[in-house]
Amino acid sequence: MKKLVVVGNGMAGIACVEEILKYEPRFDVTIFGDETHVNYNRIMLSSVLAGERGADDIVLNSLEWYQKHGIILRLGVRVVDVDAAARTVTGDDGSITPYDTLLIATGSSAFIPSIEGVTKDGVFAFRTLDDTRALLGRSGPSTKATVIGGGLLGLEAARGLQVQGCEVTVVHLADTLMERQLDQTGGVYLKNKIEALGVTVLLGRSTKAILGNGHVTGVAFADGTSHDADLVVVAAGIKPNVELGRKAGLTVNRGIVVNDHMETSDPSIYAVGECVEHNGVCYGLVAPLFEQGKVLAATITGNKGPAYTGTVLGTKLKIMGVDVFSAGECRDGEGTEPVRYEDPGLGVYKKVLVRDGRLAGVVLVGDTADSHRYMDWLRENTELNGQRKHLLFPPPSEDAGHDVAGMSDSTVICGCVGVTKGTIIAAIHERGVNTLSQLKECTRASTGCGSCTGLCQGLLKAVAPEFEEETKLVVCGCLPYSQDQLREMLHGQRLKSVQEVLDIYGNGIGCEVCKPALSYMLDMIWCGDHDEDRSARFINDRVHANIQKDGTFSVVPRMRGGVTTPDELRRIADVADKYQVRMVKVTGSQRIDLLGISKEDLPNVWADLGMASGQAYTKGVRMVKTCVGTEFCRFGTQDSTRLGIELERRLENLFTPHKVKLAAVGCPRNCAEATVKDIGLIGIEGGWQVVVGGAAGKSVRKADLLVTVETDEEALQAAGLFFQYYREHGNYLERSYDFVERIGIERVRKDTVYATEPVRHGLLDRLQKSKKLSKDAWLEGEDPVNATQFIPIQAIEGLGVRA
Amino acid sequence: MTERIWVRVTACENIPIREGRPALVGDREIAIFNTGDGRYLATANHCPHLGGPLCDGIVTGSAVVCPLHAWRVNLEDGSVQRPQSDRCIETFPTRVEDNIIVVGLPATRHEEHAA
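Going down the list, the protein sequences come from chains A and B.
Residue numbering for the first sequence follows the working numbering, starting at 8 and increasing by one per position.
Residue numbering for the second sequence follows the working numbering, starting at 2 and increasing by one per position.
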């Protein structure tokens, strides 16, 4: 077999190898990668920096994949020389490897401008997984981070750093952010949005020097001003890695020059991706490399025919909910007619440039829903005269699948993984795909940033014969509505009791599924000011204890933060003796469980305990597990015990869609397992990380980082914002980890910690209102809802009396 | 025809609307339900599945859902509506006299299994 050597283990090289493997004949493939990682999704690095994904989550090809295809993988080896005459490559480990065919996919590296002091400690690039890890190691609350470069990469870095709690400043040479993609007005809209999120933007600044003695302390600008910084990220652009092309004697301009068949000037050498130049253009985005890889694979395997004719570039970007899209030309010019729409209130700006009746370019800020339509127009060079009235807003669609139906098969639906509409349709028809998760499994579409989920769903709806909506639409047979609709209806119609809802919208009867769900919704919507109907509650919520298999109950008193006192322990012991409690057990949530108590004893047990309900029986706040933190632990960096107790105090006695377990830990050693809780507070040097959506039960899921903050109060507030958001938008019986996955952490952030002031205020306000009306359920022991709530009925007569 | 002893058990207001309550009649534990449509239905208090306390279940129309494993039992005839099962529990006729629920219990205990 012929030997194919691939230099470069990145997205372009591996995507191309994947295409090559589809053809015969086979090659003996050796791949060199100078990074020590298997192929990962470089686009997702910002999401690793933002703590949304771990390094493992962005792996595109596992080691097994390389093994399965018999590929020899040489990780951590940089190829430093090519001998085109002898057909060998030389690694920096001294190895010499012969090839019959060489594929150069060396990509590009960060362009580091010649700024004085740029080699100081604390200056980072943002290009690789190692860069990202290094940045993560240095960023934290109150770290002053300066990003040099207000382009795509710089803004993504800024977003990640901000989530890590840094005070972020973006310094940009030009007077418009992303000036290669945006016109001046679009740039202003983007700047306003980013500034509203708390990022400082400095435009028109040329960085002259990095200040500091050995370690960064700031940056100095050409205009004489300077700015403090603890770390600096240089994201000033990229430059193609063409060194090997030069050494092999290939024609090289800015990139290694290739023709329409992806051939270089040497018939044994091919090149693909960001290191190449085609028709005078070097690309820096992911879409072209997939297209190039397909063409190259055909050529290299002797199936020469398909030609690469260049890629129409579209850039889609999302920073903390700010959507930006740009394609084609972005600045007004001779011969183009600009068509504009802007709404400063909504922060939406749209501009379309038309030349000779066809689309020349488009800029969208704040609303990018139509981006696929514009990409199609550009790619197909569509004649637009018939659509002049609908340039900025599409005509109302005739059915749900209309928008996707109008796209061509070659339209890329998932930009992260490079999946076209045609591929998705083929998967639906040929592989029986009916659900979104099957589609993800089969094509990987929608597994990246997730922004194409709606389109994928639209396609499934339109094409799949047995499309199944995965979200549980209807609560049960009694009420033909989704929980979303119900919440709206209950609120809009001002309904306050379960029976009322069932009478008006349901079958008038209800069941064990919808009644507790409606009870929860009414309590949440009216902040506790509803007509409570105990018959609609599960027995646990009628007697405030957890029913056991023999009909007895378990009693777990509240023990905030897992901290108790000798007095409490004595009373617990006395109760255990007095009521002959069958088992006294320490639970997994740092509390004590008294098991085997009869219903009629409950009020007396509660009175004797003199403690509040621990809500261990209901869908509510269970506990805040804590470690001893700075109070005793020699490693503690925060007083986790005190904050945990305070958090429990603020949220206890409230109901939630499903149980909520929380934890507060004093340092990243995480002794109280905050990363697998619904809400966790993780103490770090100088602040707290607030994480949400973790689980260690039926599912195991590492919590997502919501935000990093400096003070205790900010941490409590962030936890409260998420808590109330989950209460209001979670479906009944949906755990927070399913909720966060369904909504997406990015949107959760946007709707909570990064929401506008009135929105945040509203969430906290409703939480407060609910809290005010909530009370310790065990008080009902002294003041029962009715005479027989706990006491069994004794017949007035005995059996001996005949009527 | 089963011979019955009619026993005055408790005042109507002791069984809240759409709830059940356990009642001890002699040494026998029964469950009495208020179905919300003016009827009071009485059954044995043990779920035919694993003996769970039916009185603690959620009432749905004229059936109750056992709190332990959600078996649904018809309160009118004691049959199991869900899951598929031939098991059955005893039911007892009731009437209301002077706001007191009166339950008709079999005169002899062995007839319990006759149903």
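Just so you know, the hints here were simulated from the structure itself, not pulled from any lab data.
Computed from a prediction, not measured in an experiment: that's the story for all the values here.
Hints are not guaranteed to be accurate.
[Stated by the list, open to error] These stretches of chain A come out as covered by chain B in the derived footprint (C-beta under 8 Å, 3 or more residues):
hint : segment
1    : 309-316
2    : 558-571
3    : 581-595
[To be verified] The following label-pair restraints were derived from C-beta to C-beta distances:
hint : chain 1 : residue 1 : chain 2 : residue 2 : range
4    : B       : CYS13     : A       : THR718    : 56 to 64 Å
5    : A       : ALA376    : B       : CYS13     : 57 to 65 Å
6    : B       : GLN85     : A       : GLU607    : 29 to 37 Å
7    : A       : GLU539    : B       : CYS13     : 16 to 24 Å
8    : B       : GLN85     : A       : GLU575    : 47 to 55 Å
9    : A       : VAL570    : B       : GLN85     : 24 to 32 Å
10   : B       : CYS13     : A       : ASN611    : 26 to 34 Å
11   : B       : GLN85     : A       : GLU638    : 29 to 37 Å
12   : A       : ASP510    : B       : CYS13     : 40 to 48 Å
13   : A       : GLU789    : B       : GLN85     : 53 to 61 Å
14   : B       : GLN85     : A       : GLN492    : 27 to 35 Å
Here a beta-carbon is modelled for each residue, glycine too, at the ideal position from N, C-alpha and C.
Taking each numbered hint in turn, which are not upheld by the structure, reported in ascending numerical order?
-> As far as the earlier hints go, 1, 2, 3, 9, 11, 12 and 13 are violated by this structure, in ascending order.
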